[in-house]
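Assemble the whole structure, with the sequences as input and the hints as a guide.
Each chain, letter by letter, is given below.
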Amino acid sequence: MQISTLRRQCRPFAAAKQRVHRSPVIPSAAVPATSASTQVFDYTQIEIETKPGIALFDITPQIRQRVQQLGVTEGFVNVLSRHTTTAVAINEYETRLLDDVRQFLRKLAPASDPYLHNDLHLREAPADWPGGWEAWAAQEPENAHSHLLSMLLGNSETVPVSKGQLCIGTWQSVMLVELDGPRKRTVGIQVVGTTQQQQQQQQQ
Amino acid sequence: MQISTLRRQCRPFAAAKQRVHRSPVIPSAAVPATSASTQVFDYTQIEIETKPGIALFDITPQIRQRVQQLGVTEGFVNVLSRHTTTAVAINEYETRLLDDVRQFLRKLAPASDPYLHNDLHLREAPADWPGGWEAWAAQEPENAHSHLLSMLLGNSETVPVSKGQLCIGTWQSVMLVELDGPRKRTVGIQVVGTTQQQQQQQQQ
Amino acid sequence: MQISTLRRQCRPFAAAKQRVHRSPVIPSAAVPATSASTQVFDYTQIEIETKPGIALFDITPQIRQRVQQLGVTEGFVNVLSRHTTTAVAINEYETRLLDDVRQFLRKLAPASDPYLHNDLHLREAPADWPGGWEAWAAQEPENAHSHLLSMLLGNSETVPVSKGQLCIGTWQSVMLVELDGPRKRTVGIQVVGTTQQQQQQQQQ
Numbered sequence: 001m002q003i004s005t006l007r008r009q010c011r012p013f014a015a016a017k018q019r020v021h022r023s024p025v026i027p028s029a030a031v032p033a034t035s036a037s038t039q040v041f042d043y044t045q046i047e048i049e050t051k052p053g054i055a056l057f058d059i060t061p062q063i064r065q066r067v068q069q070l071g072v073t074e075g076f077v078n079v080l081s082r083h084t085t086t087a088v089a090i091n092e093y094e095t096r097l098l099d100d101v102r103q104f105l106r107k108l109a110p111a112s113d114p115y116l117h118n119d120l121h122l123r124e125a126p127a128d129w130p131g132g133w134e135a136w137a138a139q140e141p142e143n144a145h146s147h148l149l150s151m152l153l154g155n156s157e158t159v160p161v162s163k164g165q166l167c168i169g170t171w172q173s174v175m176l177v178e179l180d181g182p183r184k185r186t187v188g189i190q191v192v193g194t195t196q197q198q199q200q201q202q203q204q
Numbered sequence: 001m002q003i004s005t006l007r008r009q010c011r012p013f014a015a016a017k018q019r020v021h022r023s024p025v026i027p028s029a030a031v032p033a034t035s036a037s038t039q040v041f042d043y044t045q046i047e048i049e050t051k052p053g054i055a056l057f058d059i060t061p062q063i064r065q066r067v068q069q070l071g072v073t074e075g076f077v078n079v080l081s082r083h084t085t086t087a088v089a090i091n092e093y094e095t096r097l098l099d100d101v102r103q104f105l106r107k108l109a110p111a112s113d114p115y116l117h118n119d120l121h122l123r124e125a126p127a128d129w130p131g132g133w134e135a136w137a138a139q140e141p142e143n144a145h146s147h148l149l150s151m152l153l154g155n156s157e158t159v160p161v162s163k164g165q166l167c168i169g170t171w172q173s174v175m176l177v178e179l180d181g182p183r184k185r186t187v188g189i190q191v192v193g194t195t196q197q198q199q200q201q202q203q204q
Numbered sequence: 001m002q003i004s005t006l007r008r009q010c011r012p013f014a015a016a017k018q019r020v021h022r023s024p025v026i027p028s029a030a031v032p033a034t035s036a037s038t039q040v041f042d043y044t045q046i047e048i049e050t051k052p053g054i055a056l057f058d059i060t061p062q063i064r065q066r067v068q069q070l071g072v073t074e075g076f077v078n079v080l081s082r083h084t085t086t087a088v089a090i091n092e093y094e095t096r097l098l099d100d101v102r103q104f105l106r107k108l109a110p111a112s113d114p115y116l117h118n119d120l121h122l123r124e125a126p127a128d129w130p131g132g133w134e135a136w137a138a139q140e141p142e143n144a145h146s147h148l149l150s151m152l153l154g155n156s157e158t159v160p161v162s163k164g165q166l167c168i169g170t171w172q173s174v175m176l177v178e179l180d181g182p183r184k185r186t187v188g189i190q191v192v193g194t195t196q197q198q199q200q201q202q203q204q
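Protein chains in written order, with this note's numbering: chain C, 1 to 204; chain R, 1 to 204; chain F, 1 to 204.
Errors might be hidden in some of the hints.
Copies of one chain are not kept apart here, so a pair can be met inside one copy or by any two copies together.
Straight-line Cα separation of at most 25 Å, DMTMM-like style, residue types lysine to aspartate or glutamate; simulated pairs [what the hints assert, rightly or not]: (1) K107 with D42; (2) K107 with E134; (3) K163 with E47; (4) K107 with E124; (5) K163 with E142; (6) K163 with D42; (7) K163 with D99; (8) K107 with E94; (9) K163 with E94; (10) K107 with D128; (11) K163 with D113; (12) K107 with E142; (13) K163 with E140; (14) K51 with D128; (15) K184 with E94; (16) K163 with E134; (17) K163 with E124; (18) K107 with D119.
Please keep in mind that the hints were generated in silico from the structure rather than gathered at the bench.
Right, here's the structure in full:
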């Protein structure tokens, strides 16, 4: 085993192999040259209308765009799946692989297996649910398998940003994994870091 | 697929459906109005006495309380499982679902399967173990399955904080997953961010 | 269930049981006493030549060394697996357990199962691949199972640093998980935080 540590910049997107699903990098010249040094804690949410069952959505372009808009040069992005039947994953956004993922997850936690969470008649509705238990049960999906897969896949990923670039690898995409669609979903995107101006100030 | 980006605040806890297991949000007025701007890096540990086998513990109230105590308005929380047979997960803390999780994990990596790590007679004790190999083997559990599940579930999650609120969704809880209890466990909770005072200063 | 919150420092490495695979902690005296307060966003990549199939590599010494070199006292480390067939995990780096992990993962997503991603004749090469489809297909591995395992294990972990120490537990190591080796791989290591000087300044 050989491990060597080397300091170097993120592979710039321009040098990476072209991927159809990636948006181009907008030069960070959008940041006014006169702005004071700023530490950024920017929280936004991406809204996605998902497809039925298990479905994956590449949200890398939105993340990259937000980093560029803010002009963050050194920092990172916290990505949070905000639902109990979704997850966040990083992998290759290749059509046939996405179908493999769907099949694999369906086998790993089959929807048809017996789950206690799906016995709606044995569960209580939240105390303040409008219309009471009947109304709650009428809209409550039998989706225990989706919860289990959400826990396995995980709900947060953190991606470093360096020299203004997301530090993911050439073939990596950040994805929302819908495990019980279709629904309207939100993903939390938090960009933390410093702008180019602040970095320059420190170097002077 | 429709993806739209919108900037908005975290859903405030008050607006979320009432959950019994969540502690109320303490207004951040606890922060003295005269305090100087502060960047917070606060590391604490939560101590939990766990239950036998696989067991899940909602630690969201403790995390939320710490964020409020510190008066952090924009930032995030790093949650770290500090043991090799525990994990951190985010999902719905619903009684029957928790039993589904236990059953699912027990099937996924059965304790009764053969594992090399459980052949204590073929392993060495740490060089400085008091009492030597005998004493080490006497206390060493056969828990390879717990290690495997810990790796699958993952050991860290990062949750953004915005406008003083944890940005998890309405039904989400942050949980310690005990995979080889009962034990006394610690979870690392790191709150990073800025206080309201600093935010206000920047806006002036 | 008993949960108590306590504020305390990370268990210092010196107090932990001796582990052969861990490099000693270098005192942060390397930081010049005269340096101004600094907020650190340091991104580096570790390069690893991996072994065939599934293989795990302890990268904790490199992470700990980088934290020490930078003199970061309060902060955290973002660790990112930068490939679609690798992952990052935290667990015990024990020889026989590593073999259990290999066996477990091979059973969980068998390489011999049918996967759509492995039908190379039905996939297109990237538009600009040198030599076109033939050249692409000749080098493209049939590794759908590795992608699936990467998604399950997860691609990022965040580890807090407090009082200059990595806050992982005594038996925890941060590992790169190779799922389709051998290859030359890079792991992104981002150290974020403040130096001792800045901490002291705040306290004065």
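May I ask which of the numbered hints given earlier this structure violates, with the numbers listed in increasing order?
1, 2, 4, 5, 7, 9, 10, 11, 13, 14, 16, 17
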